[in-house]
Structures are given as structure tokens and as C-alpha cells.
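Asks: Here is how the chains run, residue by residue.
There are 2 protein chains.
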Amino acid sequence: MSSVIPGWFSEISPMWPGEAHSLKVEKILFQEKSDYQNVMVFQSATYGKVLVLDGVIQLTERDECAYQEMITHLPLCSIPNPKKVLVIGGGDGGVLREVARHSSVEQIDICEIDGMVVDVSKKFFPDVAIGYDDPRVNLHIGDGVAFMKNAPEGTYDAVIVDSSDPIGPAQELFEKPFFASVARALRPGGVVCTQAESIWLHMHIIEDIVTNCRQIFKGSVNYAWTTVPTYPSGVIGFMLCSTEGPAVDFKHPVNPIDANESACKSSRPLKFYNSEIHAAAFCLPSFAKKVIDSKTT
Amino acid sequence: MSSVIPGWFSEISPMWPGEAHSLKVEKILFQEKSDYQNVMVFQSATYGKVLVLDGVIQLTERDECAYQEMITHLPLCSIPNPKKVLVIGGGDGGVLREVARHSSVEQIDICEIDGMVVDVSKKFFPDVAIGYDDPRVNLHIGDGVAFMKNAPEGTYDAVIVDSSDPIGPAQELFEKPFFASVARALRPGGVVCTQAESIWLHMHIIEDIVTNCRQIFKGSVNYAWTTVPTYPSGVIGFMLCSTEGPAVDFKHPVNPIDANESACKSSRPLKFYNSEIHAAAFCLPSFAKKVIDSKTT
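Just so you know, the sequences run in chain order A and B.
Under full-length UniProt numbering, the first residue of the first sequence carries the number 1, and numbering increases by one thereafter.
Under full-length UniProt numbering, the first residue of the second sequence carries the number 1, and numbering increases by one thereafter.
Excised from the complex, chain A in its bound form (with noise of 0.2 Å):
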């Protein structure tokens, strides 16, 4: 356990030089070493049960609803009634959880690379693996490389690309190949949504996935962004692209969830989406927006 506060966990790395959140840690419940990655969960004083890869925080039980809400209803109520969603990592079964909500969806694909990532969530996360038992899921434990390659052609409507950060076994996730296999596997109109980084902090490396995107995908591409307090800047980003064929204008929903009685209604509200704050997500600083911007026109 990377720790410099005795009694705390530290999340340092090279990905975000000089600086480093710390949450309390008030018992390890978990840790070892899976055939991919350093596998932690952790009870913190004030954020609840923590799971870490690899040093770095994938989710809180605070504030995982601002990420799995925004990565998955940005791209699905961007589209009228999607009905195969495939899902690369988000071995923690949150992405599935808001799928889920989606009532013409009638498959849903996982490929997740690590199966201790599901063991362990479906052990210490009940309220985020949830997303495990609804019927419509496969889970396929393997490389989300090659099952994208193989998935076959012009299947999908989306695609929730949920990623760790480029450096590590997720790093394939954010190249041209993999860009390629995702739109070859979308149906013409079909979207994906992918984890991008922070814009505080890798405006670099989102550069690069813009220039990769805008190449690949022949419909539209923005990115979009959200608050996680337990990411590093405490914000995440998300690229949101499609495939040619029917235009996508992701800033404007077509498939309003917050609107729809059966999601608003269920045992599970949702905390953190609604349509105000999808097209507000899509609203850049002005020193993002002309990066960003010189890439997509």
C-alpha cells in the first residue's frame, strides 16, 4: 500500500507530478496481486469503501455515481432507443448498473480483462456490481483489444469504452487501432463513449485522442467532461464520437432518461444525470476549448 500519511492512502504518480490526494484509511480489506494489476479495497474514513488498481483510485462509494452515470447516459441518451451496448473494462459492474436503466436495451456485452476486478467488486461493491445480475449481461473475461477486433461488423449501437489511465494495461484502449476496431464493430450512427482524461492535466494526451478520433470516426466528435472529487484535478473527461451514417448531436439528448418514468421511478434514482447536466458537459474552459476545437474543425 503506497501510503505517506501513516494511516492514510496516497495516490502519487507520475501521470500527475507534486501533487496527491489522501483519503483516511480506516481498514484494508482487500489486496493482492491479480495476473494484470495490483488489486486494493480499502474502508475510508468518509468516502466509503475505495477500490484501487495499480496505486491509482477507480471508484469511491461516494462519488462512483458522477463517473458511471456521465460515461454511460452521455452516450445512450445521445441515441433513440439503443439496443446492443458493449462495455470494455468497467470490471466494477457500475457502467452495467446504468445501462441497465435503459429499457430497449436488449444485450449487453462486457469484456473485462482482469476477473479479480469482478470478483472483488461483486464482494465488496454490491451497490456498484448490482449491475451483474440483470439478465441482458455477458460478461467475457479477456483483452478488450482482441474482442473488439472480433466483434462482428456493425453490431453495436454503443460502445462504453471504461478504461484506466493509458499508462498500464489499459494503454492500447487510447490508440488508432483500437479507435478502428470500435468503429468498425459500431452500426453506421452508432456512438462510443471513452474515458479521456482530465483536462487540467493531460490536455497533451487528449490532444492526441482528439487528432486519433477525428480520424477514425466520420461522424461527430466532442468531448465532453464531469466532477469525480477522488480523481486526480477532480474531473474526469469523456470523448464522444460516432460512426458515419444518421447524425448524432450529442449535445442535445434524444433519449432523456431523467424523463423516463421507469428509470425515475426504480428503487435506484439516479444521483448525478440529468438532461441540464449532459449538455452542460459538453461546455469547455476556453483554454480546453481551443485545443480541442482546432482538432474537431
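To be clear, the hints were calculated from the coordinates, so they are not data collected in a lab.
In this text, all values refer to a predicted model and were calculated from it rather than measured experimentally.
We treat Cβ as the ideally placed atom computed from N, Cα and C, and that holds for glycine.
Careful: at least some of the hints might be erroneous.
Straight-line C-alpha distance at most 25 Å; calculated SDA-like pairs for lysine to any residue [unchecked claim]: (1) B/K251 x A/A288; (2) A/K123 x B/K271; (3) B/K271 x A/K271.
Rough simulated footprint, nothing fancy, chain A against chain B, three-plus residues with beta-carbon under 8 Å [unchecked claim]: (4) 20-28; (5) 42-55.
On the provided structure of chain A, position chain B as indicated by the hints.
Replies: Quick look at chain B alone, frame taken from chain A:
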């Protein structure tokens, strides 16, 4: 210096128990106790120079643009031709720098309680304290509560309350008598913008502020927020209220500074604020919207 990681500054406070953001320190440049608080400046490894009051980060050179631009232009871009502006707190001068972008402004009063903050800013943060160079600025060192109480009635177009947290010297700036004196000093249809904590950490404080404002300000009462990586939870909010008189629709800026040629062509272009991010700042996550809407309608 409260440091839990040797060589790092860690921000630990009962205002955000169980978590701490830390910055690597290159060199402590200033450390003294004023009549009101501990004042520290250090050179950080990756966020430039950092101003700390009573152990809480007030600004870093790397992200101060977000806070200063938003707390200033959210109110000033919401009314046509602001002429008289009062800043309470804000001794670093950053809000003055932003107010000065508005060519319609004729008079900028500022009342800061702690002269040491002004001096330290002028010495260590010239790009922030540059706000004091504007000839329209009148600096008063004194108690903002008393200054507000004695301000002539119906004078100001806008009051900006750039305070520290409600525990410490700024406490009274969050209470009803202060808001009443702000309302009295504003012209009909005048606006106030006050620092209003984090939706992730302080919903109970925000609830109280909204309730107080609703009782005092008979025009509109709105909550907005933005990202500031070095503030706890990575976000900070603002209460935006107007007095009875000409209606103010904060969500639709009538005085868009980013379209203003003189502001854009200046040697210091806006880094963060634009009209899109202005409107987006009023879109709240569902968990916050539910609480705030229940108090404002």
C-alpha cells in the same frame, strides 16, 4: 506548516474530514501570522506559487483563473453596463483584475480585512495583484461586515464576496445580517456573487446559504459552480442573487465579455470563462439540484 508528507504541504481540515490534497513544496517563500490568520506562500513543484491562509489553499498560479474569472464574470456578465462594483475580501487582487476587464466599470471598491494578504500578493503574485494597478480601484483595509453596513444605500451594481470558508475570519460573511446589508447597498436589480462552498462536501451549508438568500434577495436566487483542482473536492460554488427591480436572468448573460473585442485583444486573454461555460455553471447534478430547488422555489 502543516505537512503530513515530508516536503509536501497537505491541506487537512475539519471542513473536509478524512481527505487531504497535497502539493509538493519546492521552497517556502513566506510564513507569518497576521492579526487575523496564518499567511504562507510556497513555491510548489507543479502548481506554481501557492497562497495559503490558516492552512487552506486560497490560490495557485496554475488554476486561479477558474475561480477569479467565474466569481467575477458570472455576476458582471449578467447585467448590462455595470458601473460601480464592490469586492469584499479578495485581497489577492485577482477579482479586481477580472472586474477591470469590463470597460463599463467606473468605480471598483474593495474591502479586505487583512493588509498582509494584499502585501504578500503584490510581492509574490504580480499576475494576480496586477488588479490593484487599475486606477478605478479604491482599496479599504478593514472589516467587510462593517464596510457593508456603512455603505450608502442603493449604490452598487454588483457586490462580489470573495471570502474564505465560513470557519474563521469570514464566518459573518455567510450570515443573514451581512446579506441584508449587501441587498441594501445594491441598486434595484443589482447583483451579488458570493463564494458558496462545494456541493460534494457542504450541501448542509449551501442549504442554509440558499435559505438565507431567498429571504433577503427578492429578485432571482441561483447556485452556480465550477472546477478548481486545488480546492477541496475539486469544485467551488457561487450564490448569485439579485435585488428587487429590473429582472436578472443569470443563466443567460446579457453582457458577454468573451465577445467583447477589448477584453479578448488584451494582452491577458480570458483563460477559463466564456458564455457557454457561464450558462453551464448553473446546471447542477441531480443530488444538488433536488436540495437547492426545494429551497429556491
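Asks: Under the constraints set out in the numbered hints, which ones does this structure not fulfil?
Replies: 2, 3
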